Every structure is written in structure tokens, then in C-alpha cells.
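Colleague: Listed here are the chains, written in short residue letters.
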Amino acid sequence: MTDKQNNVLNIENLSVKVGDKNILKSLNLTIKSGEIHALMGPNGAGKSTLAQAIIGNPKYTVTTGKILINGKDITDLQLYERAREGIFLAFQEPVSVQGLKYINFLRTAYMSLHPNEKLEYKKFIEQVQELLGLFRLDKSFIDRSLNDGLSGGEKKRMEALQMLLFKPKFVILDEIDSGLDVDALKIVAEAVKKAKESGTGILIITHYKRILDYVSPDFIHVLVDGTIVESGKAEIAKKIEEYGYDYYRRGEVNAKVG
Amino acid sequence: MQKLDENFEIKKDKYDFKTNIKPVYQVGQGLTRSVVEEISRVKKEPEWMKNIRLRALEIFNSKPLPTWGPDLSELNFDEITYYIKPEDRKSSSWDEVPKEIKETFDKLGVPEMERKYLAGTVAQFESEGVYSKIKKQWEEKGVIFMDMDSALQKYPEIIREHFGKVVPASDNKFAALNTAVWSGGSFLYIPKGVHVDLPVQAYFRMNGELEGQFERTLIVAEEGASVHYIEGCTAPTYSRYALHAAVVEVYAKKNSKVRYTSIQNWSDNVINLPTKRAWVEENARMEWVQGSLGSKITMTYPSSILRGEYASTSNLNVALAMGEVWKDNGAKVVHAAPNTSSKVVAKSISGRGGMSVYRGLLRINQGAYNSKSSVQCDALIVDDISKSNTYPHNEILDDTAVFSHEASVGKISEEQINYLMSRGIREEDARSLIVLGFLDDVLKEIPLEYSIEFNKLIRLEMSKMGAVG
Ligand SMILES: Nc1ncnc2c1ncn2[C@@H]1O[C@H](COP(=O)(O)OP(=O)(O)O)[C@@H](O)[C@H]1O
Ligand SMILES: [Mg+2]
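As they're listed, the protein sequences go chains A and B.
All residue numbers for the first sequence refer to the numbering used here, where the first residue is 477 and numbers rise by one.
All residue numbers for the second sequence refer to the numbering used here, where the first residue is 205 and numbers rise by one.
None of these hints come from the bench; they were simulated from the model.
Keep in mind the model is a prediction, meaning the values are calculated, not measured.
Quick reminder that beta carbons are idealized off the backbone N, C-alpha and C, glycines included.
Among the clues, some could well be false.
Label pairs and their in silico Cβ distance ranges [claimed, not checked]: (1) B/609 to A/722: 53 to 61 angstroms; (2) B/618 to A/602: 32 to 40 angstroms; (3) A/694 to B/611: 47 to 55 angstroms; (4) B/565 to A/595: 28 to 36 angstroms; (5) A/612 to B/399: 43 to 51 angstroms; (6) A/540 to B/618: 20 to 28 angstroms; (7) A/595 to B/669: 25 to 33 angstroms; (8) B/399 to A/669: 56 to 64 angstroms.
Please work from the sequences and hints to get the whole structure.
Modeller: Quick look at the structure:
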């Protein structure tokens, strides 16, 4: 997509529960085309919950608030409808489907996401193979089963590959950096930058500063116990590395950062 | 509309239509000695065949229904019509086939398939073959492909030599029934060394309820011959049952190769109980491919008796048990000679309350040394109300045998559906993708026209299913 994009993803006052457990509490977040946001926070803070709530996983119930794309309320849409609105999640733990070949999966998904595009099978295969090359994955991957028997790093790269292939408006990367070695991390970071340049709005969920050093996010948010406790620029990541998340838990944010 | 969604236009209705014709002849309901004699008389059969029938009737009467597997108590042998002759003529040109019957096969795409990729075709309507043709180049090489009744008139010696040897009437109640009242079926004979490199196809169509189709198929592949036989079966839906009880006997002689592909898409009132068996001689190969799409009840266990050294067999079974159906599928292999090998792969899908069973018998006789066998059965259950069971029975009597058995039962998980849906894929398409992925390696083995059919049917079935959970 070459033309300039002006998309806005609004998360307003969002509270989410799983089963009987309230996890996200009145969360607000706005992401625009071409922005990279990072979401950091300790284990169990609710980062994946936010990702799942945005894509519309029915296990996660929205109790207050809404999610909007360009002003359109998508809170009640099903998973596949939100995907068609331009939401994409690179899963923290992508599920495997034995026997379902990547090429069949990718093609069906692509046709579903871009129903008006005429898809030439041969060209599509070439495009996928080119992306496989970019992510240093073997061409034979197109005939492998979806996430079946792939290493952790390979799975993550296939998720990032889909981000470039499907050209969504907004991308959430849930711990895309875990399980990646330095080389793979660089490749994925490059892919993220590429997506940003093409106008995708990006939310990177991570524990570690490492990937952020490569992609230089525009904003960093810290999520603790289901609430964003601080938002700011790159210096936040440094602070977390120094003090850890306990720093926020003690409610000393205002005192120290002020 | 996107491409994928167009596939949902396809309905099973393609097969679900009734042909309006008045049979030229039919016997009364019920099974008596005089009905059997009558069938034989109408067919102007030799005395020996009539005697085989009458003996088989006694065996049928003396045998109980199977006590295992699906419930067959709905069958009432007194209300079934055992022989329905739709038409006097047997044609070798579609133009001569009566209009209504020709239209029936046109709708089913039979003449089209024949033109496109077959070496020969037999088409049966109710109890009789109405059309048969083998292309000239094969006819000239001595290949015979015709309906079984015509074959009995023309080649009584070959039939007498082979009939009822591989599947004796005493094998089971329904083999006995078939032997008593058989009609139609196909006779395929491949002379020594002849390779028929296009498939031949027999297509069986039933048109009524409370009737039986009892075709009898005999395939003889002489030394070094090879052939691929395809069988297709359909019927319209009725509220009462119809019975299909075929017998198939295959002789795969030394160094020959026979592939038998059966794609049944019977309507969901059909009780399908065929007995299929092959004798496989030295260095010969027998391949069974079974696609079980339709029917209310199916019990079928294609068997290979590996009688000669280095004989081999494969048995591939794909069963769809969707809705109120019971699919009891399996394979039997007897390794009766050294260095024989077998491979069984069974895959089933159960959904909407369907029951799918794998029932297998594998025997490696003592003295069948260095024999190899592998059995793999995988079941996929697509919801919480459907079932799958596996009853493998293995008798490995030789110490040198190499044998493996693997079984798996899988379920479509919510996580899988969610993941696929998060890529813009609708729920029913997600299910179809998972099911088709599960079948990917076996659908390749099915002739293209039928695997497309399989594909469409799975999409249709998945679209009928409710939400996950
Ligand atoms: N599907 C689920 N079922 C039950 N509990 C869940 C589920 N998903 C998340 N949780 C709970 O919600 C909290 C937040 O989890 P999660 O969003 O995965 O955190 P993070 O991604 O920040 O590590 C945790 O206490 C976790 O146990
Ligand atoms: Mg997480």
C-alpha cells in the first residue's frame, strides 16, 4: 500500500474479564497509522488479554468500553469480521493444525481478507516464497502443516510473515521476540519497520527492551495488574530495565517519576 | 462474494432426485425359494447358477444377523423387493438407453466422466446394468468389461471358474443374500500382460425405497495385467430404508496390479453392507481405496488374502460420519505367504452425532516369514456429540513379522478455530480447512472428480454445523 494511510484504532475505557476474573480495568489506548507502540508489563499483567480482546476472542468478555477503527465500533464483531476490518495479531503461542498446508491456509486467509482482489495462484505463491526468503525460511514451508513441528523461532517468523502478506491496518505482536535468536530478531524488527513504513499501526507486546532498541517505538506503555500505569517515550524501557516492574506495583510511580 | 463462499452453493441434492420410470418387471416383496427361482428363470441362467443361488438362500436363512456393530433391526427381509428390472435392453450406446435413465446418468455426470478419462463404463439402474462399453483399443486387446448378467451368458466358463470362490456364500449373512439374489454388477477381465492405463468405472444407481441392490462384481487380472476399477454409487433419499448388499471378488494373479476405488455417496436412508475381497498371488498388488461419504449404515471391510510370496496390498479408507449415521469401516488382511506386505490407512470424520468405527483384522500366518504390515487409523471428531471407536484385531503368528499399529483420535479445538478466524476466515470455512487438512494425504489418492466432490461435501457439512463448544 503506497498511498498514505490515516487509520486510527481507539481503545476506550476497556474492561475485560475471563470467566469470573476481571483482568483489564478501564484501559485507554490510541494507535494511529505508522505509529509503533510498545506494551510492557510483568507476567500476568493482562498484555495477551488485551491482544485477545482486540481481535475478538470470544473467551474474553468486554464488560465496559469499546474498540473503534476509524470511528467504527467493532466491539461486537466476530473474530473474522475484525480481521476483515484490518486487525492482525501475531500470536504469542500460535496453534498448530496438522495437515493444513501453509499455502492453503495463507491463500484462504488472503482471499477472505481481500475479497475484491483477484488472486492469481502462481503470483501468490511467488509472493509467499519471496517473503519466506526474507525471513530466512525454506521455500518448502509452503507445503508444511500450519505451525506443526516448527521450532518456536520458526513459528514466530511465520507470524511476522503473515503480517507483511496480509497488509492489515493494525498489527499486534504478542511477544514476537521470545524464542528468537539475535539474527532472527533483527529480521523480524526489519519486517516491523517495513510494516510501519507502509502505514500500519503497530502494538508490540514485550518483556524486553531488546526488540525496542531495533524498532524504536514512538510510545511505550506499562501495563500492571490490568491498568496502564505509565505511558511515555524510550526512557521508560530503560527505567524498567533498571528497577523492574515492582517499582510500579508499589504505587511509587508518581513519587519517583512525578 | 469471494470465491470460497461460492462453494456453499453445492448441495447434496445433485444426487437426490427420483427418476420416474415404470420397471418392465419386478418380483414381489419378500424372499422365498420361488423368488430366487424366478430371478434365475427371468435371467435364463444355466442350471448350476440356479443351484448356487438356492444353496445360498439356505445359508442366508440359517445365519443370524451380526450381533456386533450398528443396529440392523430395522431390516425386514419380508418387505424388501429383491429384483427390479428397469428395462429390457442393454445398450452400448447412450443414445439407445431409455430417455429417463439416460437423463439420470447425465445428471450424475457418468457419460461425461466416460468421455473425459475412462477406458470403459458400466452403468446399473436398480437391479440391471443398462449400459456398458469398453473402448475399442482395450476390446481389441481382449479386455472384457460388461454387466455380470451379460457376462454369465457370454462367458459362462470363466464365471463358473471364479464365482463364489473368493467370497463363498457362507462367508456372512449378506454375502449369502447376495449370492441368492444377485443381479447386475460388473465383470472385468484383463488378459495376461495387458495394462489398462485409463480407469474403468461402474456406476450404481438405486431409485426406490424398500428395495435391494445386490450387484455382483468379479474382476480377474491375469498374470502381469494391471487395471484401475472405480465404482460410484448414489441414490435419492426416502423415509424408509433401501438395502445395498454387493459382493466383490477380485483375482489379482501373479505380477498383476489391481486398484479398486469405491466412492459411495448413498443417500442417508441406505443400509450399505458389501463384502469385498481379493486373492492376491505371487508378487501381485491389490490396492483398495474406499471413500465412504453417504449412507445411513455402512459395514465394509475390504479384504486381501496375500496368497503368494511378495504379494502386497494397501487399504485406504476415508469415512465421513455426519449426522445420524454409523460408519463401520475397516480392513482385513491375511498374510498367507512369506515376504508379503500390507499397509492400512483409515481416516474418519465424525460430526453432528455421527459414529465412526474402525474394525480391522490383520493376520500374519505362521510361516509367512519376513512379512510386514502397518496399520494406521486416525479419527477426527468435529463436535462434542459425535463418536469414534477403534477395534483392531491383530494376530501375528510368525516371529519374523514386522508389524506396527498406530491410532489417534483428534478433536477440532476452539483455539484452532479462533486462530483461523483471526485471519478473516469464517467459522465454517475454518472447520473445512481443518478437516480437509486432516484428509490431505488421503484425498490425493482419490480420482480428481471424486475428491472435488469430497471437498464440496465437507464444506457443505461444515456449514451445517453450529457454533463451537
Ligand atoms: N484463557 C484464560 N483462561 C483463564 N485465565 C486467563 C486466560 N487468559 C488469561 N488469563 C489470566 O489473566 C491474567 C492475565 O494473563 P495474560 O493476559 O496472559 O498476561 P500477560 O500476557 O501479560 O502475561 C493471568 O492471571 C492469567 O492467568
Ligand atoms: Mg502474554
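Colleague: Determine for every hint whether it applies to the structure shown.
Modeller: Outcome of the hint check:
{"no.": "1", "hint": "B/609 to A/722: 53 to 61 angstroms", "verdict": "55 angstroms, holds"}
{"no.": "2", "hint": "B/618 to A/602: 32 to 40 angstroms", "verdict": "34 angstroms, holds"}
{"no.": "3", "hint": "A/694 to B/611: 47 to 55 angstroms", "verdict": "54 angstroms, holds"}
{"no.": "4", "hint": "B/565 to A/595: 28 to 36 angstroms", "verdict": "48 angstroms, violated"}
{"no.": "5", "hint": "A/612 to B/399: 43 to 51 angstroms", "verdict": "47 angstroms, holds"}
{"no.": "6", "hint": "A/540 to B/618: 20 to 28 angstroms", "verdict": "25 angstroms, holds"}
{"no.": "7", "hint": "A/595 to B/669: 25 to 33 angstroms", "verdict": "27 angstroms, holds"}
{"no.": "8", "hint": "B/399 to A/669: 56 to 64 angstroms", "verdict": "60 angstroms, holds"}
Hint 4 from the earlier list is the only one contradicted by this structure; the remaining hints agree with it.
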